[in-house]
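**Student:** These are the residues of each chain, in order.
There are 2 protein chains.
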Amino acid sequence: MAAWAERLAGVRGVLLDISGVLYDSGAGGGTAIAGSVEAVARLKQSPLKVRFCTNESQKTRRELVGLLQRLGFDISEEEVTAPAPATCQILKERGLRPHLLIHEGVRSEFDDIDMSNPNCVVIADAGEGFSYKNMNRAFQVLMELENPVLISLGKGRYYKETSGLMLDVGGYMKALEYACGIEAEVVGKPSPEFFKSALRAIGVEAHQAIMIGDDIVGDVGGAQQCGMRALQVRTGKFRPSDEHHPEVKADGYVDNLAEAVDLLLQHMDK
Amino acid sequence: MAAWAERLAGVRGVLLDISGVLYDSGAGGGTAIAGSVEAVARLKQSPLKVRFCTNESQKTRRELVGLLQRLGFDISEEEVTAPAPATCQILKERGLRPHLLIHEGVRSEFDDIDMSNPNCVVIADAGEGFSYKNMNRAFQVLMELENPVLISLGKGRYYKETSGLMLDVGGYMKALEYACGIEAEVVGKPSPEFFKSALRAIGVEAHQAIMIGDDIVGDVGGAQQCGMRALQVRTGKFRPSDEHHPEVKADGYVDNLAEAVDLLLQHMDK
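Chains as they are written, first to last, in this note's numbering: chain A, 1 to 270; chain B, 1 to 270.
Quick caveat, the hints were computed from the structure, so don't treat them as lab data. Where hints are given, some of them may not hold.
Identical chains blur together in the list; that is why a pair holds if it fits in one copy or across any two.
[Unchecked claim] Derived pair list, reagent style DMTMM-like, types lysine to aspartate or glutamate, alpha-carbon separation capped at 20 Å: (1) Lys-249 - Asp-74; (2) Lys-160 - Glu-144; (3) Lys-160 - Glu-146; (4) Lys-160 - Glu-177; (5) Lys-133 - Glu-63; (6) Lys-196 - Glu-77; (7) Lys-133 - Glu-161; (8) Lys-92 - Glu-185; (9) Lys-133 - Glu-104.
Extracted from the complex, chain A is given alone in its bound form (with noise of 0.2 Å):
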């Protein structure tokens, strides 16, 4: 066992990020990554509490679920935290009213949310519909606002689907805030608030929590900063580079889930 796994004492909980630690996504709606499904049903037959925190906001989390239990896992939508209801309460409790630039997969998760005459924009994973009319279009609206609002659901750099890496929304954030001069509220991974609200799904403090996924800054800088532990696996959007990242630093580092589960409960049974 690697000398970092002594780290793994007193865990009692496990934040799963899902693209890229459980499957890759592509055509046909992707594969599952070897070795995952295995490690999920594993974890869940453990006495670790385990939770799905994803920046997915391509499909409704319904549409994410129903994928993911066609590959083969065992999940349901109650225990995955993602940013389009996260944000669609942000909404509503400060009375935005949004422009949204995403992707129509995630559109119904606004169904109830009132767009009229928007005071703000909501940017996410748009993929495709990221043309040069839809930026302008929410860069108009954001240049009109006295206050401009911009949420981004989660601001990654870019993911892995099965055909190559793609540019991810953190990009086209950067280009809203750049062009507007202003600042994005990043609802989503690497936000606080947002591994806060998964840790208190399963009722388990940060520094009792691990967090496993494949970016080193969103999901492994990011679950650090809040207290957590985090291992980054060698799947999805991986790079060598990532293990001498300049300013992150994982508690270990992991081929793929499987080895991580493996890890964990040999550490649980000692």
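Dock chain B against the given chain A, drawing on the hints supplied.
**Tutor:** Then chain B, alone, in the frame of chain A:
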């Protein structure tokens, strides 16, 4: 005369921005800004040296000049400093073979550039060409390079067309910088090297020169950082808040190019 007009003493050369100062681009080519055709003519009849200094990168210099001539301006290709020719020179000097993310209208400027097996990305105001697919391809090229080089033709936040404010290349440059974790090299305003090459072309020192533009940061701030004076016109992308910009204060604000030229020529007469 405004008190600040005292600062116009000793001006020998004038750099003129084009879009938003001479004309507003838009459907059908655009429209001249009232008084600007005559203002350019009067400047060129005066002893002042004149150079056009633009970040225009949707059109070739030839097309831009042709358009301006049709609008009535006295201007020739040799009088224009523009980023595409400057970029081609840099590419040749450094043996760089670009993947281009640019507007079709400017592609012919790169006709004699080797683009096989790209080892850098050149980004310019691509307009509708800023599709997700094109951005993602540029991103993937950069991520595959050991030493990714991103050259951006300007870094403007936005410009004004007759139909409204339009996102410029700057936001898209920021998006790629963020997604790839790199810093772009800017060719164009506000790069000091770009202003200096415009000044060299008319043989005028920075302290004897004044920039007239509609961009408080790119034109005014950039020129001032080179030791030039700079006026902002209240045309083009000018917004009232520019007069209270937190970091940049123009040497003077004028309603349009005609007023700027009035002041410059009045001051010369004294």
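**Student:** Now tell me if each hint is right for this structure.
**Tutor:** Status of the hints after comparison with the structure:
1. Lys-249 - Asp-74: The answer is neither: 30 Å in one copy and 61 Å across copies each exceed 20 Å.
2. Lys-160 - Glu-144: between (35 Å within a copy, 14 Å between copies)
3. Lys-160 - Glu-146: between (38 Å within a copy, 19 Å between copies)
4. Lys-160 - Glu-177: between (24 Å within a copy, 18 Å between copies)
5. Lys-133 - Glu-63: For Lys-133 and Glu-63, neither the intra-copy (28 Å) nor the inter-copy (24 Å) Cα distance is at most 20 Å.
6. Lys-196 - Glu-77: Result: close within a single copy only, 18 Å intra versus 60 Å inter.
7. Lys-133 - Glu-161: Result: close only across copies, 14 Å inter versus 25 Å intra.
8. Lys-92 - Glu-185: Cα proximity of Lys-92 and Glu-185: one copy only (15 Å, versus 42 Å across).
9. Lys-133 - Glu-104: both (16 Å within a copy, 17 Å between copies)
The earlier numbered hints that this structure contradicts are 1, 5.
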